[in-house]
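This is what each chain is made of:
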Amino acid sequence: MSAFKNDGTVQYGSKVLSIGTLATGPVINSGVSYVADNITVNRPGKTIERTNEIDEPSGQVSYKGFVTGTATLQIATGSTLIPEHGQAFILTIFDGDGTPSANVIEAFYIDSVDQPYEKSGETKVNITFRKVYNLP
Amino acid sequence: MSLLEEIPGLRAAIEQEQFSRGIAYAGIDLEFGGVRVHQFTLRLLVRLSLAESPFVMGQPAQEADVALFLWAISTGWTQDERARKRFLKRLRGLNIQAACEWIRDYLEASFLDAPASGKPSVAYWSYVTPIIHRLATEYGWTVAEIMDAPLAVVFQQLNYIAHAKSQNAVLFNPISDRVRGDWLKEKNHDAGRN
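Those sequence lines, one after another, are chains V and R. Each residue of the first sequence is one higher than the one before, counting from 330 in the working numbering. Each residue of the second sequence is one higher than the one before, counting from 574 in the working numbering.
Derived from the structure by calculation, the hints contain no laboratory data. Errors might be hidden in some of the hints.
As a list, the in silico BS3-like pairs of lysine-lysine whose alpha-carbon atoms are at most 25 Å apart [claimed, not checked]:
id	chain 1	residue 1	chain 2	residue 2
1	V	K448	R	K662
2	V	K344	V	K448
3	R	K738	V	K448
Please take these sequences and the hints and turn them into a complete structure.
Below, the structure written as structure tokens:
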């Protein structure tokens, strides 16, 4: 794994996501559309620090950690198709490694689904997701 | 492509929502058929609930119910019986259908940001109690200030408190969410995914 220069949490706002089964491409098969609000992708880092004999910093190396995220999904009016654990989606986003305008396609799978909330016939649910590192 | 470009009607729905939300904070009275009325408040809701007004009980309304509703929300409301009779006399000849529609719109705007339903729970207090508790705790408002604040302000502040306490709070934009939900329904239907 290569070292990186910068880390951070980047907000992606609202997008239409097609959520379904991840297939070679990567593409999503049998995808159901949802509007995702407050998409946040977290790109944490891990740093190993080296100090000299009197504990002064003498070097460090930082690595990328696991990419995870959260979002609130709106479900189509009248639908009961709440997304399930393990279902996947693809985000076309800018990489968080400090490279300007690097357009990156990443696949994510859902690893938790909260209790859905309903108001005036519309349903929303919070999910968390993790990046897929081994694409089919 | 942004959602505003992708979903027809979304921009107009958001503008309508923002206008309605802004009115709540403008500190202005409203008017219908020559009657000056307050913005709807918790106190008015309680008063009309106790009087079993069909407009707040979700039941069909009669002519007398329209007049009593307008009296209850009018800026001239007092407990004086003669004032009430004078007011009701003034309303004779009112277009009842138009009045019913106006009252429904008035209530809909007031409840636009009412909290979403989650798990039902047993209540040992009035529905007003948790609202007062939350706003008094957060802002130090008095019971009277909360009861007399426009309901649309109360609900927006409650939503903001929920958001400030948790970035994951699930919130709704009822007008624009409906546009998005209907668009998703059509999109999924076209793809055979409903």
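Evaluation of the provided hints:
1. V:K448 / R:K662: Distance of about 39 Å is beyond 25 Å: violated.
2. V:K344 / V:K448: Holds, at about 21 Å.
3. R:K738 / V:K448: 20 Å, holds
In this structure, the one hint that does not hold is number 1.
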